[in-house]
Amino acid sequence: VQRKQRREEVDAAEGASASAVAPGRMTSIARRAPQTQRAPRRPVQVGGSGAPLAAVDGAPAVLLVDDGAIQPGQMLKRQFVALLRAQIIAAADHELGPIYAGLGCPYIERAFARHAARSAAEIEALLLRFAPAARSARTAADLIPAVLERVCVGVRAWRDRGEVPADVGGVEDIEDVDPIEAPEGKDGAAPAPGPRPGDPPAAGVAAATPAAKELGANQRVLARDAAHTTDAYVPKFRDRLGSKITGWDLPFDPAAVTLDTVTIDGVPTRAMLLDWNAAWGPLPAARDLPLTMTPADARAAVTACATLGGWSKLAAGDQSILTNLLGGEQNYLSEAVREHLRPGFKTLKGKRDDDQAAGLKAAMTVKDAMPNWIIDEMETAAATVTLAGPTTVENYAFTGTKADGEQWTAAFSDGVSTPIVAPKAPTDGYHNHSVKEMADSACYLPKTARQQITVIVLNPVVNPADAHWAAEYNRPDFHSYMTAGAAGVVTVYPDKTSNELSDADGRSNALVHETGHTWSYRTWGRDTTKGKWAEWKQAMDADVVSVSGYATASIAEDVAETVRTYVSAKATPRQDEYKRIVPHRFAILATEYDK
Amino acid sequence: MSARAAALVLAIAACGPNGRHEPARSATREEAPMSGATSPTGEPHPGEIVNVDKVEGRTWTRKASEVPASVAWVKVGDQWKAVVRIEITGAGDRREVTKLGADGELLETTMATLGPPPATPARKE
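Top line first, the protein sequences correspond to chains C and P.
Residues 1 to 595 (the numbering used here) are what the first sequence spells out, left to right.
Residues 1 to 125 (the numbering used here) are what the second sequence spells out, left to right.
If you are wondering where the hints come from, they were derived from the structure by calculation, not from laboratory data.
Check the hints yourself; a few may be wrong.
[Said to hold, decoys possible] Only pairs whose alpha carbons sit at most 30 Å apart, straight line, appear in this in silico DSSO-like list of lysine-lysine:
#, chain 1, residue 1, chain 2, residue 2
1, P, Lys75, C, Lys532
2, P, Lys75, C, Lys436
3, C, Lys361, C, Lys213
4, C, Lys424, P, Lys75
5, C, Lys530, C, Lys496
6, C, Lys367, C, Lys346
7, P, Lys75, C, Lys313
8, C, Lys351, P, Lys54
9, P, Lys75, C, Lys367
10, C, Lys532, C, Lys496
11, C, Lys595, P, Lys63
12, C, Lys570, C, Lys537
13, C, Lys447, P, Lys63
14, C, Lys236, C, Lys213
15, P, Lys75, C, Lys530
[Stated by the list, open to error] Residues of chain C placed beyond 10 Å of chain P at every Cβ, according to the derived structure:
#, residue
16, Leu126
17, Asn372
18, Ser548
19, Tyr550
The model shown is predicted, which means the values in this text are computed figures rather than measured ones.
Beta carbons: idealized from backbone N, C-alpha and C, even for Gly.
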């Protein structure tokens, strides 16, 4: 069964009919695209993976396919994503120089990591939202120029004005940042962006509106900023919420979304309101829903799955796991699993109970349903730090070279003291994190974990093993970022100055993950089948779910990734969600790691 | 510019911001590159390193003598330990290279990125 999502027809963008070309030339192709011929409108149909697809006006209705046979003009998702990624990197290279070698741009890397788990249909829908001009595409390759053009606009803005690359960030967080397309004005221009939900209402907005009513007990607020509380946005909110709810085959009456003036915190406020339908599950506790509408989606997902005949075939423990997994409103893992399950949900509903149960159970563990590598926001430091030094260390044995170094002492507020060694002379053409940046990242580690670090070394030269791996994998720019050794030495390698260094969250996530390896092996021993490792394995079996695709590689990676998730979620709403999703492992970390 | 003046400019350029001479350093060259057959302090390697790429699902073996010492040996504290197994895990462009010694002892883990494949020349139109 295909999930059909009606989309507004938009004026067909000027044709973007360039087929795949060499990555280095894609930017100029993208820029030229608007001058080529007009392409016919293509009705957008978001289909289930692998389903036979009907041709529309000679073009396939769905351009990206998860697997199986493809029609002319279609492309397998994995092939398309690889092609798109290479061309985005090439386009950014063209604009900025070779910025994506090494660790690359965190925004683009994060976007690909975050959306890697999405189905072909989801990816296609995402791209059409991000780059509306792609709606005229008649082949999968035709999607790319429009996407590249949108990326390049953002990259150029960053280059020219030094602003945060909002358009690149738009790829990363398109659903979070602006999931509701701006309706076009008379001249096709979108309205100016307004404040986000939760911001105070714009002055005068409520004054011009009718007398306010009280917010109903079963009502929730979808938006109350000036930009999103116009009549033009009502159908947008209805479409967006409706696609989520009906994706779970639950009833949705568009009239449930209305624009009205209600009293919020004692102030008459123009607001986009939702009359909650009990058929979607329990009413969300929070009055204001985010633009992603994840609370509604999470409740609908749990409710829909629980009403399947196959649900009763699941053990109570599995029901609980699925409820917690699908019901997460703040974490990427829950979102990824919902996005994995939703496109095929109606198909699943049509199957026998046993098959439904098997499908639901598979969603708990299938790697495709998990985000691969997530750079979570690090929000709660365990300590503060002051730096003392430096003292000169002559002829220090860095990895791959000996050179004079400077040793600093990072004194943390919990009493831990860690030396940090940096080269006295930088290497021409290369840069690395600063001593302070590494000390700041180490603040997120709990005391016990930080004590395992014997020294942090900012290496003057790249990892000498890189050349070996570059040859083994035929990847000339293979680049080591950070090594954690069994003796507690953390080594951070420099990168070419033309490559952007990892940002604060990327650096901290890497440090927590890598030192998670050091901590676990030094604390639990080398035999991963005995002692605490065996306890961890039992916890893995009990939790069933893994926090990321990266974690599924081995028990050691599972520990490191769960440690990273634990630290990044600390004292955030995500923490309670993960405590429910991987309770046994978080319990071990609470007693073994977080002290 | 005379050859002498050019030499003077080059000499000044070779000095650091404080006028202190800072020898140029290569960021990619391993100092005293050597085979992995023996450790930097002379211990012999057991012989082979098994590479297990769990992302691509392939396993291959390299003789220690065929790889650089930086791959075949890891310094743990004051001791050089032979690498006998390397596991490569990860997702997307990111890779985790885990070096293991005898009896499965973890020696070190490295987070890395593959980088793009070699550029192919643009097709002539």
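Right, here's what the structure says about each hint:
1. P:Lys75 x C:Lys532: holds (26 Å)
2. P:Lys75 x C:Lys436: Holds, at about 26 Å.
3. C:Lys361 x C:Lys213: violated (45 Å)
4. C:Lys424 x P:Lys75: Holds. C:Lys424 to P:Lys75 sits at ~23 Å (cutoff 30 Å).
5. C:Lys530 x C:Lys496: Violated: C:Lys530 and C:Lys496 sit about 42 Å apart, past 30 Å.
6. C:Lys367 x C:Lys346: holds (21 Å)
7. P:Lys75 x C:Lys313: violated (54 Å)
8. C:Lys351 x P:Lys54: violated (34 Å)
9. P:Lys75 x C:Lys367: violated (35 Å)
10. C:Lys532 x C:Lys496: Roughly 41 Å between the alpha carbons, so the hint for C:Lys532 and C:Lys496 is violated.
11. C:Lys595 x P:Lys63: violated (43 Å)
12. C:Lys570 x C:Lys537: Distance ~23 Å between C:Lys570 and C:Lys537 Cα, so the pair holds.
13. C:Lys447 x P:Lys63: violated (41 Å)
14. C:Lys236 x C:Lys213: holds (24 Å)
15. P:Lys75 x C:Lys530: holds (26 Å)
16. Leu126: Holds: least Cβ distance 17 Å, greater than 10 Å.
17. Asn372: violated (3 Å)
18. Ser548: violated (8 Å)
19. Tyr550: The assertion about C:Tyr550 is violated, with a minimum of 5 Å to chain P.
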